[in-house]
Structures are given as C-alpha cells and as structure tokens.
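Asks: Listed below are the residues making up each chain.
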Amino acid sequence: MFLINCPYCGERDQSEFSAGGEAHIVRPKQPTELSDDQWAEFLFMRKNIKGIQFERWNHAHGCRKWFNIVRDTRNDKIHAVYKMGEKPPIK
Amino acid sequence: MKNKYSIFSLIKNAFSDHENWQRAWRDPEPKKEYDAIIIGGGGHGLATAFYLAKKHNMTNIAVVEKGWIGGGNTGRNTTIIRSNYLWDASAGLYNHALKIWEGLSQELNYNVMFSQRGVMNLAHNLQDVRDLKRRTHANRLNGIDAVWLNTEEVKKFCPIINTSPDIRYPVLGGTLQRRAGTARHDAVAWGYARGASAMGVDIIQNCEVKGIKRNGNNVEGIETTKGFIKTKKIGVVTAGHSSVIANMVDLKLPLESKPLQALVSEPVKPIIDTVVMSNAVHAYVSQSDKGELVIGAGTDAYVSYTQRGSHDVVEGTLKAILELYPIFSRMKMLRQWGGIVDICPDASPIISKTHIKGLYFNCGWGTGGFKATPGSGDLFAHTIANDEPHKLNADFNINRFVSGDLVDEHGAAAVAH
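Here the protein sequences line up with chains A and B, keeping their order.
Heads up: the first sequence begins at 1 in my numbering, then just goes up one per residue.
Heads up: the second sequence begins at 92 in my numbering, then just goes up one per residue.
Next comes chain A alone, as it looks inside the complex (with noise of 0.2 Å):
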C-alpha cells in the first residue's frame, strides 16, 4: 500500500492505479525480421528486479495516462516520477 505522485493529478492511492510491467522496453521496429528468440525476448522475459525498478504505470482511475515511475521492489518507495518519453531521472 502506497501513494503515487500522478504528475496530472497529483498525490493520490495506489488502487486508484494500475501497474504496466517494466518500462523502456522498446517495440521491435522491423517485427517481421525478429527471430522466435528475440519475439521472446521481447513479449515474456523480464527482470523482474528486486531492487531499484523502472516501471510504467496508468492512473486508471483519474486521468488514464500512462507514466513512469521508479521504484524500490524490496519496500515499494517510489524514488521518481517522469512522463512517457522523458529520460529516468536517475540511473
């Protein structure tokens, strides 16, 4: 349980949320070119990281805009908020 800073909205509850999966992974641009592996790759396998995490979310519930955030897996602090197409504030 936690808050998220929409930077739309603002502060509001986690619930009002929805989480999207790991951010920054890119879109093939020739799919028709991608091997099995690399579709693979690109639809399934994650980090899944315990720790420092990017991630997108959508305020489902509030403006339906789609963001990133950076969060701690471990103890879920948010460490960072940043727009879709902005670089990640930190490393």
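Treat the hints as calculated values from the structure; they're not laboratory data.
We treat Cβ as the ideally placed atom computed from N, Cα and C, and that holds for glycine.
A portion of the hints provided could be inaccurate.
Stated by the list, open to error - Computed list of lysine-lysine pairs in PhoX-like fashion (alpha-carbon distance at most 25 Å, straight line):
#1 K224(B) - K91(A)
#2 K91(A) - K301(B)
#3 K157(B) - K50(A)
#4 K91(A) - K77(A)
#5 K50(A) - K301(B)
#6 K410(B) - K444(B)
#7 K146(B) - K444(B)
#8 K343(B) - K123(B)
#9 K146(B) - K47(A)
#10 K343(B) - K301(B)
Stated by the list, open to error - Taking beta-carbon pairs under 10 Å as the criterion, some of the chain B residues facing chain A (in silico):
#11 K343
#12 L344
#13 R399
Given the structure of chain A, go ahead and fit chain B onto it with the hints provided.
Replies: Positioned in the frame of chain A, the structure of chain B alone reads:
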C-alpha cells in the same frame, strides 16, 4: 528411518513427558562439495531432495535455505490441494501430485494431515457455467474426478452459502472434486526435511546464496554466506525469488513476482467442512483444524518483494466473502500476510533445464504451487538426475516461451489468475 514415529513411540515418550524426542532432521555445516545442490528449502525444494535421494540414489546432496525451511510460500499459502485443471498437460502434472498426496503421510512416516474434504468451484454467470461444465468433462476424460452441481446441490453440500437469486453474483451452480482438499503446510516441509535428512541429505539453513560460479557453460558451485560450495548440478526452487537467482547468471526468466495475500479469522466451531472457491467474485475459504477461516484471493497487480501487499485487495476479498457468506459478517480477522509468487505469462510452471549445463529451474508456480509440492519435487528430481525431463513435465520447459507452445491456464484453471 532411525526414529520411526508410531503409536508406540508416542506412548514411550509420554512416560518421559515428551522430553526425549530426537531432532527431526540434522543441522550440518556444509561440506566442500556435493553431487547436487537445491537452492530453496521450501516444500518443493525439500521434496526434490527427498526424491533425488529416494528414487535416484543421489544422497550426497544439500538443500540450502536463506532463512528457515518452510518459511517462505510454503508457510504462507492457503493449503488448497486439487487437480481439476483444464488442459491435458496440467491435468497430468497436478493429478500426479494428488496421487502422491494420497499416500504421503505413510511414505514420509509423518502426518501431513491431508484431508480430502473436497473443493467446490462456484459459477456465477452463464459463461462460468459453460466453462466449468467444459472443465468437468475435460477432467473426467483425464481420469480426474469432477461433478457438476446445480444451485440446490451446492446449497446442500455447503449450506452457509447464500444462494439467493438477488445477490450481485448469484450462484448458478458449481463443480466439485471430492478427492481434493487441504493439508498441513508446515508438516509437508518438515516431513520431507526429516525424510531427506535420514537418507543423508544435508539441510543447511540460514545460508543465503550470493552468486553462482560458472566455467564457460557449466556451473561449478555456489557462493553463499557460509562460503563456497562446489557442485556440478544446481536446482533452483526459490519461488518469488527465482529471478533474483537467474539474474546472477544473466538469465532472464518470463516471470513477474507479485504479493499474494491471505488472512485468517478468529477460531470458531466447525462451520464449513469443505473448500469453496469462486472465480467471478474471486475469493476462497476453508476452515483450519484450529477453527480459523482461511481466506485468500488474487494477487496484488504490481511487482513487489515486500511480502505484504495492499489493503484494497484484502477489502475486495472480504466483500466477496461477505456476499457469499453473510453468516461471517461479524467475524474478526486475526492475521493477514503476503507471500511473493512468481507468475508466468501463461500461469503455468516451469520445471526445466536451462541453456547453462547443470542449472535447472523449478519456478513459475504463481498462486497455486502448494498443491503440486510432491509431484513437483518428484518430477524436478527426475529432471536433475537424468538431465532430461519426465514426460509429465516435458511441456513445462522454458523453451515454450520461444516456440509459442504455451500451457495457457489463465482463467481456465479453477481460479482467474
């Protein structure tokens, strides 16, 4: 087994005020080298070690556990055991486990309190009815007992369910697997630990794995908080922490780790003598031998290793419980907890070799691993010992995410994932 448990040992120890019971398993320091090492001392890991020793004669092996055995998801689940899965591959896997459960207390000489009290799955809309009837037929074709019950029969089997047509999700019927039920989760870990230890398996607790040493494409051993241990075969059975181990060798797994919460109520007199699950309203309940209601539901929908989860999930679960069982409205909930479950995109497990020689993974059990404990251990032991999967776990290999040959149990199993 040296200290066999029986009515006679119980009487004998009663005379000495139960002060002379022997340790159930040894507490050794790690040796320098083992033929195989299992990482993770939960039910699945200990069962793997037990069957490696018993069926494959590999006794120079160890189980290393970061905390204490059975302290992870083995001690955090709602102990439901069933095998009524839709697809042939899953039906084979879970029914293999159920068959072992039926003789497990005798096999281990340890009472795992396996109770075949039945598991009922409710249908709340027309699609549920169609899906569950289809699953009943699929189960019977696979030799799994399953029957369809109409609303009156559901009410007769479990009288406290609210079958009024006026509720938000009326009960339109349900399926029943009578051979399904529950078991005592701690006893499963302890029973397997005791059995494995008696055959020579070293169970090393409070020993965290920090790294895996490789030589080219072979494993050479593990770095732990108790030093380096050499081995040529490593079986990883660390549930929610599978990706943590995989990341040590830059192996990516198709897993996401999420909190799954459960809770128990204050103990009351016997009120529900079966397990009832509901897919649409998403809650399940049974009653422990101590009298507590054991309640569970779905996962929190985000990746987290916190072992707690969010309050709104608990609230949603209890709303569902109260709608179906108004009689519980004044019950007090005593404890709530979370376990970290590793979920595959197709909601089926992975029991597989990897591209690294000597490294095996048993993971992805998601929300339903407890029921499979004995079967999972048996098949994983086979896979490690022979470097080849058993035919029952061949479909659960890691390459299915590349080939696309998924075992898609999403929603097709008794509970939506």
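Asks: Each hint should be assessed against the structure and marked as holding or not.
Replies: Now the hints, each set against the structure:
no. : hint              : result
1   : K224(B) - K91(A)  : violated, 52 Å
2   : K91(A) - K301(B)  : holds, 23 Å
3   : K157(B) - K50(A)  : holds, 15 Å
4   : K91(A) - K77(A)   : holds, 16 Å
5   : K50(A) - K301(B)  : holds, 14 Å
6   : K410(B) - K444(B) : violated, 43 Å
7   : K146(B) - K444(B) : holds, 19 Å
8   : K343(B) - K123(B) : violated, 29 Å
9   : K146(B) - K47(A)  : violated, 35 Å
10  : K343(B) - K301(B) : holds, 17 Å
11  : K343              : holds, 4 Å
12  : L344              : holds, 7 Å
13  : R399              : holds, 8 Å
Hint violations for this structure: numbers 1, 6, 8 and 9, all remaining hints satisfied.
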